[in-house]
Amino acid sequence: MNTSDVSQTGQTRIATTTKTVLREAGIGIALIVLILVFSMTTQHFLTASNVTNILTQVTINLILSIGMTFVILIGGIDLSVGSVLAFCAVVAGTVMTLPGLDPSTAVILATLSAVAGGIFFGLLNGFISAYWAIPSFIVTLGTLNIARGAALQVTNASTIYSFPASFNAFGSQTLYGIPLLFLIALVLVGIGWFVLTKTVFGRVLYGIGNNEEAARLAGHNVFFYKIAAFTICGGAVGIGAIVYMARLNIASPIIGIGFELNAIAAVIIGGTSLSGGRGSIIGTLLGACIIGVLANGLILLGLSDFMRQMITGFVIIIAVVLDKYRERLTKV
Amino acid sequence: MNESPSTDMSIKPLLELSGVAKRFGGVVALNGVSFNLRAGEVHALVGENGAGKSTLIKILCGIIRRDAGTIVLGGTPYDPQTPGDAKAAGIQVVHQEFNLLPYLSVAENICFEDLPRNRFGIVDRRSLHERARKALDAIGLADVDVRRPVASLGVAHRQLVEIARALMGESRILILDEPTATLTARETKRLFAIIAALKAKDVAIAFVSHHLNEVFAICDRVTVLRNGQSVMTSDILATNPDQLVGHMVGRQLAAAMAATREVDKSGRTALSLHNLRHPASPNESGISFDLHYGEMLGIAGLVGSGRTELLRSIFAADLPKSGLLERDGKKVFYRNPKNAIRDGIGFVTEDRKEEGLILNMPIAANVTLANLKAVSRYGLLKKHGEIALTQQLGSDIKLKYGHPQDNASTLSGGNQQKVVLAKWLANNPRILLLDEPTRGVDVGAKAEIYALLRGLADKGLALLVVSSELPELITLCDRILVMSNHRIAGELPRKDFSEERILHFAYKDERSHEHQ
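Those protein sequence lines, which keep their order, are chains A and B. Take the first sequence: its position 157, counted from the start at 1, is 1040 in the working numbering, and no numbers get skipped. Take the second sequence: its position 138, counted from the start at 1, is 793 in the working numbering, and no numbers get skipped.
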């Protein structure tokens, strides 16, 4: 290798790294701009209590979005997460209110059953779409209805409450103003980031999302990875269900309606490609924060629910359009 | 040819380019291309990958716009903004990548630009099918049903459908970008007959090809591009292949391409096939042969003769319907590619973009994809190990790249193919299956890949090479099996190699079909 080769190598590497950083930095900048705009246009946006409030609101969507990122990365989609969340919540709620259990046992058993319920639906989604090569859009549209129906059936459409007092209290605790539940979500972000960037498992997921056939011919068990991605998503939904119960102190079969769309929006705003193979958990974290900040800021601005919904819709579209430009930039 | 149109300097060119330039960001794609095209001539455009041929074609057909230079078409300035403008001006292009709609029928694809309608504005199926039938018959594709979806056709037939579509319009200029890359000898012959007929109708044809024998067979003039510049234009009769290659690479081609393999050092049997049958093969008795260590065994045959299917059934990319494999004398059954890879087999697929590479992932990730175990521990990636392995393999195979973390899409075709090879070499295979190993690869990189494969065989690997380029098989192999209609029609030892003998076997079944 001669000297000119060496310097060129250095330049390309810097260029590549800059591009990758820019990609996520772009979303981060958008978030900062939003925060600045809201703190200048409203009085209460940057107060400690409002920040705690935003983080609380972001938590559930963030947890669901982490799981959704895995599924979208392999080119899938999971429309069932909102319904499965309700299913997991009512199962966990039933377990938690079983007579004769001491509070800590009840909470542990409930958490395990919520996660198990999520994993069950994840396995189902993954297996059906991978085994029969059915688009996951259709499969999860089916399980969306199955899970919702099951939740209503189990509870006879009633709401479960009166959980152990310590559990209810946990849901509203904060550490230096940061809700504990949000910290749980952050831990999950960390785990998701680690798995996707540092492990063989994550590498192969990206490979499958980009080019399934090339990954299969390189000796990877595509069937297994697809099921795994959906199962991870299901597990995240289970955790999300417990977090939801801790926060609102109820479990109802009609919670979580439309949650899947918010999760997909967070993932897409975060720069993950809907066709798979490209994206990151950090992007998803920023995407979920953008949605949370936007919702909160617009309320403080005094906008109606309807206006807020319209604006959120525009933001999703703008995010995807901007991503197209970013893609073009990084290609040259 | 009784009079060469090029000798008469008074003929006014139909299309004239001068000083055409184009840059993409910091990359100069074209830097002063001058070139003209006369009615009724076939003009070859040759050059290594990256020389600027594709960019030039994209400018001519309105896909991208030039930065500088002039283009005059039939006496008036020509500056197409969209592909529609180019078509309106009578310029048709057959692109290297397919532009077909896979789930529409052959007929709908051929007539897509001008679907026949009845007076209610509804597509008139009958005249649609008639028109398409005529178009296909005109290029000798009588055996293809125009109602079939394009997705069900093989790659060679798709290319011919693409050509039929381009010929539907009344064009003054036809640009063919690597039209023979996916064609076998039979179809190439057909294409040349079509070109001759168009030429007689005064159509100007620009012919882009890596195959110099084709250039010398059908072209009147040739222009060589190198590094975005036109470096020479000449009458075909006034030049020769060595001179062209010299201009293309800017250096005399390495002797590697001409060098022949010394002796057949065939060792132990690495792999035996016993009646192995691909699920799509009509041949119930399947395929049987032995492959030895240190041997390069070639598989020749027409497109559709079952060559790719053979490789896929060995590798368990498709599960064989019947038959069995013996590896080192032991019966084996591979349920998926993973089993085959564990058993020391690698498979360089025909289609780099669809099956071989992950273009949007780093070079290093591609190189290690088939052997992530080597660069990880407890399921955790060791990024440094990955980069070191890529750099080491990269220098072994003379890979030209920026950084291991650059995406594979940043590489030229030849270097992409080397990455695919590196992916399998990272696994230390004992057997390599190669399907069209130099397809779409320029002359210089081709010679390097040949040398690399030869080196692997010398190291004792068993290589099974499928290729449509007979000179490639003849240069490389120790032995050639010729397939025809999913069976082995003939076997040739190195001393008996000749294009005629190979084609004789390849057409064996074809002829008996035609007689029926």
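What the hints contain is simulated information worked out from the structure, not anything from laboratory work. Where a beta carbon is used, it is the ideal one built from N, C-alpha and C, also for glycine. Fair warning: there could be bad hints in the mix.
[Unchecked claim] Just a few of them, taken from the derived set where beta-carbon distance is under 10 Å, the chain B residues facing chain A:
#1 Glu1010
#2 Ala1020
#3 Leu1027
#4 Leu1036
#5 His1039
#6 Ala1043
[Said to hold, decoys possible] Among the chain B residues that face chain A by a calculated CB cut under 10 Å, a handful are:
#7 Arg693
#8 Thr924
#9 Phe1002
#10 Ile1013
#11 Asn1015
#12 Gly1034
#13 Tyr1105
Just pull the numbers of the violated hints for me, sorted ascending. Those not satisfied are hints 5, 6, 7, 8 and 13.
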